[in-house]
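A.B. asks: Listed here are the chains, written in short residue letters.
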Amino acid sequence: MSHLLALLFAPGFFQSEEVMNALLLGGVVAAISGVIGVFVVIRGQAFAGHAMGDFGGAGAAGAFLAGINTLWGFLAFGVLAAIGVEFLGNRARERDLATGIILAVALGVEALFLYFDTHFTGKVGAPMLILFGSIFVVAPSTVSIVTGLTIASAVTICLIYRPLLLSSIDPELARARGVPVRVISLAFIILLAVVVEEGSLIIGALLSTALLIGPAAAALRLTHKMGWAVLWSVVLGIMAMWIGIVLAYDSFQWPPGGHGWPVSFFVSVLILLFYFLVRLRGKLPKLGITMSRRAMQDA
Amino acid sequence: MRSIAFKEDNPILSLQDIWVRLGERCVLKNVNIQAYPGEFIGLIGANGAGKSTLLRVILGLLSPSQGSVHVFGRPARKGDRLIGYVPQKVFLDPNTPLRGRDLVALGLDGHRWGIPLPGKQRQKRVDEILEAVDAGRYADSPVGRLSGGEQQRLLIAQALLTDPQLLLLDEPLSNLDIKSAYEVVRLVSRIGHERGVAVILVAHDMNPLLQVMDRVLYLADGNAAMGRVEDIFRNDVLTKLYGYAVEVLHVNGRILVVGGRDSEADGRLLSMETHCCGAGDIA
Numbered sequence: 000m001s002h003l004l005a006l007l008f009a010p011g012f013f014q015s016e017e018v019m020n021a022l023l024l025g026g027v028v029a030a031i032s033g034v035i036g037v038f039v040v041i042r043g044q045a046f047a048g049h050a051m052g053d054f055g056g057a058g059a060a061g062a063f064l065a066g067i068n069t070l071w072g073f074l075a076f077g078v079l080a081a082i083g084v085e086f087l088g089n090r091a092r093e094r095d096l097a098t099g100i101i102l103a104v105a106l107g108v109e110a111l112f113l114y115f116d117t118h119f120t121g122k123v124g125a126p127m128l129i130l131f132g133s134i135f136v137v138a139p140s141t142v143s144i145v146t147g148l149t150i151a152s153a154v155t156i157c158l159i160y161r162p163l164l165l166s167s168i169d170p171e172l173a174r175a176r177g178v179p180v181r182v183i184s185l186a187f188i189i190l191l192a193v194v195v196e197e198g199s200l201i202i203g204a205l206l207s208t209a210l211l212i213g214p215a216a217a218a219l220r221l222t223h224k225m226g227w228a229v230l231w232s233v234v235l236g237i238m239a240m241w242i243g244i245v246l247a248y249d250s251f252q253w254p255p256g257g258h259g260w261p262v263s264f265f266v267s268v269l270i271l272l273f274y275f276l277v278r279l280r281g282k283l284p285k286l287g288i289t290m291s292r293r294a295m296q297d298a
Numbered sequence: 000m001r002s003i004a005f006k007e008d009n010p011i012l013s014l015q016d017i018w019v020r021l022g023e024r025c026v027l028k029n030v031n032i033q034a035y036p037g038e039f040i041g042l043i044g045a046n047g048a049g050k051s052t053l054l055r056v057i058l059g060l061l062s063p064s065q066g067s068v069h070v071f072g073r074p075a076r077k078g079d080r081l082i083g084y085v086p087q088k089v090f091l092d093p094n095t096p097l098r099g100r101d102l103v104a105l106g107l108d109g110h111r112w113g114i115p116l117p118g119k120q121r122q123k124r125v126d127e128i129l130e131a132v133d134a135g136r137y138a139d140s141p142v143g144r145l146s147g148g149e150q151q152r153l154l155i156a157q158a159l160l161t162d163p164q165l166l167l168l169d170e171p172l173s174n175l176d177i178k179s180a181y182e183v184v185r186l187v188s189r190i191g192h193e194r195g196v197a198v199i200l201v202a203h204d205m206n207p208l209l210q211v212m213d214r215v216l217y218l219a220d221g222n223a224a225m226g227r228v229e230d231i232f233r234n235d236v237l238t239k240l241y242g243y244a245v246e247v248l249h250v251n252g253r254i255l256v257v258g259g260r261d262s263e264a265d266g267r268l269l270s271m272e273t274h275c276c277g278a279g280d281i282a
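Chains as they are written, first to last, in numbering that gives the first Met the number 0: chain A, 0 to 298; chain B, 0 to 282.
It should be emphasised that the hints constitute simulated quantities derived from the structure, not laboratory data. Some hints here could point you the wrong way.
One side only, chain B facing chain A, incomplete, derived with CB under 8 Å [said to hold, decoys possible]:
id : residue
1  : 105
2  : 124
3  : 141
Built from N, CA and C at the ideal position, the CB exists for glycine as well.
The whole structure should be built from the sequences, with the hints applied where relevant.
C.D. replies: Here is the structure:
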């Protein structure tokens, strides 16, 4: 048993301050992403969620150039773009178009800033940090900022939980019941931006969407109760994140050696794996029945 | 049981001289309506006739360009708990994480802040209403997997939880097969009688409602006519309403409205349009 544990957790895992920071940060962000993700899937805003990462990426690349904490770059651009998308597009279709248009501009700006980053600051790792995350090198002070933001987001989502659910099911019904649907919708998209940008900081602008959508989509296939869906989504997200961190730490000893593999790789593969397992769980028994039926017919 | 008693001569709903203009278009033109406690009104009209707009005016979601709307003697306002509302075409994804009872419970407190806390009282209210609409069997099934008729019952239950005196249903029969449509109509009619609730049910086909409706409110191109079925479904009334010749056919107890053969229509149509958006009509 202890042999197995030693194999799983490479030496120094529990002593490393970076690893402990990463576990805390990853756990916190995976949890809030899981909660918000369930609403994103119900509201059909997966595309907006994905685009939010790249909006923020442009800001982070700019912040890197200016020598500011990239978190502020992620947050500033993410939240501004989210507000822009919300006001440009009223209906779902319009919103997707507005998101697509802003996304294209954001990617263009991001490309330019990343080019400047590598050539002016001399740090060739900048694109890697921004696009694929920097969970092991986040400063402890940033960890507390992210934790604070996450607590604020969690409080907000609890506060707007019911009107948000009602307006996600049917906006017109919510309006008739006196829910300020526009305000709720704006509050949610800002919340979404904050949470996606937190994810972008740790697993990268390109992959934060995996943490947002994957666990939630899997959770919605496991249960049809809202509370349980949120809980499953959180649990799956944290599991993917923590196992991903363990494997990334182990991978320091893997080829090519000296550098660990990106955490984002492990997290996204694990989330995909969870999702497939959940889908298979529904399929397998049915498959078994049809196969046995066929066998009986053949016999 | 009922919180407010209404006199029979006191309308619970009164629309006077309602005009609604959206952009260049006149959606409702001089609509006058009174509705009384417990009556069943069928709101009939083709697509784009202004039916949903009229409901939005009653719900306080849309202010008319002109005219006054009174619900229970007060100006219409959003979130009136005395109005129950069943919206048009609620799309529920198969993976929506709500059971039947969760959808219904949203009708009780979905507009409130915070997270719903389970309580005996809350559950009892929901169970009672599920019983009343005969939806107990699928109360614990995921809503996205239920049939259109079953979802419609849950949405009606949702609308009843606040003990409304007026129930507005926007096209509850569209997307339903004939049998489910008749069941929903019977259910709404029964609930209306049992609870003394006035019902306005929007439909584009009047036939499923012929047995149950007390009065019909017919909308054609923003013009309204209201009265008993036999007083509205007449060639002269509907021809005047549409602004061109239509004929009302009675076939085996059913009613069909078809374009007429007479063609003095164009002149009248023109005069109607001028009347609607003419200068000075709308301040």
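A.B. asks: May I ask which of the numbered hints given earlier this structure violates, with the numbers listed in increasing order?
C.D. replies: 2
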